[in-house]
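Engineer: Below, each chain spelled out in residue letters.
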Amino acid sequence: MVIKRFLPSGRTTVIGIPFLWLLLFLVFPFAIVFKISFAEMAISIPPFTDLFIYAEEKLSIVLNPANYLFLIEDHLYIAAYLSSLKTAAVATSLALLIGYPIAYGIARANPGIRNLLLLGIVLPSWTSFLLRIYAWIGILKTNGLINNLLMKLNLIDVPLHLLHTNIAVYIGIVYAYLPFMILPLYTNLVKLDESYLEAAADLGAKPWKTFIFVTLPLSKGGIIAGSMLVFIPAVGEFVIPSLLGGPDTLMIGKILWEEFFSNRDWPVASAVAIVMLVLLIIPMMWFHKNQTQEMEKI
Amino acid sequence: MSQPEILPESPTEKASEAYIQIRGVTKKFDAITAVDNVSLNIGKGEIFALLGASGCGKSTLLRLLAGFEVLTDGQVAIDGEDMQSIQPYNRPVNMMFQSYALFPHMSVAKNIAFGLKQDRIPKAKIKSRVEELLEMVHMENFTNRFPHQLSGGQAQRVALARSLAKRPKLLLLDEPMAALDKKLREQMQLDVVNIIERVGVTCVMVTHDQEEAMTMSGRIGVMHEGKILQTGSPHEIYEHPNCRRTAEFIGTVNMFPGTIIESLADHVIIDVPELDQQIYVDHGMSVPAGTSVWAAVRPEKMVISTAPPSDNKYNHARGKVDEIAYVGGLSIYHVKTQSNKVIRATLANVDRLAENRITWDDEVYLSWQPGATEVLTW
Chain A
1 MVIKRFLPSG
11 RTTVIGIPFL
21 WLLLFLVFPF
31 AIVFKISFAE
41 MAISIPPFTD
51 LFIYAEEKLS
61 IVLNPANYLF
71 LIEDHLYIAA
81 YLSSLKTAAV
91 ATSLALLIGY
101 PIAYGIARAN
111 PGIRNLLLLG
121 IVLPSWTSFL
131 LRIYAWIGIL
141 KTNGLINNLL
151 MKLNLIDVPL
161 HLLHTNIAVY
171 IGIVYAYLPF
181 MILPLYTNLV
191 KLDESYLEAA
201 ADLGAKPWKT
211 FIFVTLPLSK
221 GGIIAGSMLV
231 FIPAVGEFVI
241 PSLLGGPDTL
251 MIGKILWEEF
261 FSNRDWPVAS
271 AVAIVMLVLL
281 IIPMMWFHKN
291 QTQEMEKI
Chain B
299 MSQPEILPES
309 PTEKASEAYI
319 QIRGVTKKFD
329 AITAVDNVSL
339 NIGKGEIFAL
349 LGASGCGKST
359 LLRLLAGFEV
369 LTDGQVAIDG
379 EDMQSIQPYN
389 RPVNMMFQSY
399 ALFPHMSVAK
409 NIAFGLKQDR
419 IPKAKIKSRV
429 EELLEMVHME
439 NFTNRFPHQL
449 SGGQAQRVAL
459 ARSLAKRPKL
469 LLLDEPMAAL
479 DKKLREQMQL
489 DVVNIIERVG
499 VTCVMVTHDQ
509 EEAMTMSGRI
519 GVMHEGKILQ
529 TGSPHEIYEH
539 PNCRRTAEFI
549 GTVNMFPGTI
559 IESLADHVII
569 DVPELDQQIY
579 VDHGMSVPAG
589 TSVWAAVRPE
599 KMVISTAPPS
609 DNKYNHARGK
619 VDEIAYVGGL
629 SIYHVKTQSN
639 KVIRATLANV
649 DRLAENRITW
659 DDEVYLSWQP
669 GATEVLTW
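For the record, the sequence lines run as chains A and B.
Mind the numbering: the first sequence is residues 1 to 298 in the numbering used here, read in order.
Mind the numbering: the second sequence is residues 299 to 676 in the numbering used here, read in order.
It should be emphasised that the hints constitute simulated quantities derived from the structure, not laboratory data.
Incorrect hints may appear among the rest.
To be verified - Which residues of chain A face chain B? A few of them, derived with a C-beta cut under 10 angstroms, are: (1) ASP193; (2) ALA199; (3) ALA200; (4) GLY204; (5) THR210; (6) LEU218.
For every residue, glycine included, the Cβ atom is placed at its ideal position computed from N, Cα and C.
Let the sequences and hints guide you as you build the complete structure.
Structural biologist: Encoded structure:
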């Protein structure tokens with residue numbers, strides 16, 4: 001019975017498990033990456049120098065900010081960051097434009113078929129992500145589905161150059177992340193009290209005005225949630241730009257991969273990752289603040 | 299059937315003068331007929347209440363007037379204008395929703411201004427109109443509050459102001475007091491009526507609460523299964539219900555099934571198997587002897603006493619006090635007759651210290667005036 005006192009209570013265990021998970025798989029890896037970002041590249045295993053050196057009864061900590069300075073000095077990195085943010089922003093906007101009507105349509109559909117429609121949105125995700133991106137290569141390539149169809153219909157004489165362009169990257173990102181836009185929007189729109197729409201109509205607002213002045217502002221939470229869920233992974237996306245993008249597609253995920261695997265420059269790669277994380281934390285913080293405000297309103 | 303022929307027909311019943319004309323209106327949802335061939339005429343400035351249990355079609359009728367539902371059949375005209383092809387956003391009708399439906403992302407002032415903005419009214423005019431409305435509902439100090447910062451009563455005032463902002467020809471109130479607690483409800487019922495009467499707007503309200511309908515409206519339409527059973531003033535509906543359902547829905551009533559055994563020009567006598575005595579009604583009816591009828595007597599018309607009534611030929615019953623419900627101002631007695639029929643009688647508690655009060659298991663007599671009985675044929 002004495003032992004019981006030292007065992008954590010049920011409550012602590014329940015809360016402790018997720019914290020332990022976060023500690024093991026988020027905080028530790030982050031600390032390691034953070035540590036490596038201040039090391040120097042070395043031809044050894046692992047391929048970087050130690051930060052902490054204990055020799056002659058002296059502990060010296062060698063921090064090397066050169067990796068970060070290098071990111072600022074070399075225009076490639078800044079361009080890649082900006083290009084990633086731009087690509088993610090454009091893809092997010094496109095996903096919102098496409099996803100909103102779909103989410104709205106499902107939310108206003110007969111309750112009996114809503115789940116079926118939602119299943120249709122989620123179903124493609126059951127196939128491997130990589131496989132679906134490869135499928136897009138088949139659709140977009142020079143003698144792929146789209147070009148063959150357009151040629152058959154005599155709409156074009158020369159195949160369009162679609163694959164390995166930025167357009168293909170946009171298509172890929174929008175396609176892959178559309179469910180993450182639709183689901184939070186749907187959850188928001190399905191809760192929208194129809195009496196607000198009726199009240200607006202009753203007060204003389206035509207349907208499009210009701211949409212702009214009532215539906216849209218009331219679905220702000222869903223728009224922000226969906227946009228964050230698309231934007232954040234899109235910034236660091238690696239698979240889609242490397243498979244569908246061309247030589248001029250500059251994205252930070254690709255740079256990161258090259259630094260790690262082609263150049264084996266782990267310290268610079270780590271610095272790239274840390275900066276990307278900081279860039280992504282800003283919109284996340286804003287999102288969180290916004291969510292908290294929304295919660296307070298209710 | 300009471301004697302509608304002796305009641306003065308209200309002038310608004312004449313279709314030619316009616317401001318709101320509802321003719322043969324029917325609404326079907328697939329196989330269900332929610333509103334069944336309803337015809338009503340409502341006069342200008344009148345407050346009309348549609349009263350009925352939930353699912354009787356009263357809300358659907360209200361939504362048909364607002365234009366949220368499309369008529370299956372019939373016609374609605376407001377101020378002589380057919381509403382058939384007019385969209386909700388073009389109707390001269392505004393509604394106060396049961397949930398109030400105040401836009402949560404807009405301040406009180408913006409909510410009230412919303413309808414005015416749709417009409418492209420100049421900003422300065424909107425501002426003064428909003429101020430005027432806020433003053434009218436005593437919410438001047440809440441202009442910049444948001445709906446979630448308002449209490450139920452305050453939200454209702456704002457909702458009322460918003461629905462009056464555009465000076466509609468017809469104001470619709472959907473269960474206006476449902477979201478308020480009892481104490482506040484009584485106050486708001488009178489406040490809302492005062493505001494509506496001051497504005498002079500024609501109003502149709504929907505409620506399942508008979509007290510609310512009687513307090514607030516000038517005329518009531520009792521609805522059941524999509525049909526209007528009876529229309530009339532609160533007094534007419536209560537004292538002269540035209541059928542059993544109306545009598546039972548409005549207030550409480552003692553119902554005695556029986557048969558007319560004598561039907562003359564100046565009186566009617568009904569034989570009631572459940573009572574020892576026959577019921578004597580002091581006016582003639584156009585119903586022949588032999589007809590099965592229901593004699594309805596309201597509990598407050600019953601006189602309860604321990605001594606037998608002087609006239610012991612008609613209109614009384616004998617029984618034992620089975621239950622007493624003391625509700626403060628009055629006591630409700632449940633008296634069980636020998637045939638196990640429970641008759642309800644109310645007694646006003648005038649005397650605070652009544653010594654020989656009638657109590658449980660007392661043998662009592664219930665009697666009532668010949669004019670207290672309402673004879674119903676359906």
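Engineer: Could you work out which of the previously given hints the structure breaks and list their numbers from low to high?
Structural biologist: Result: no hint breaks.
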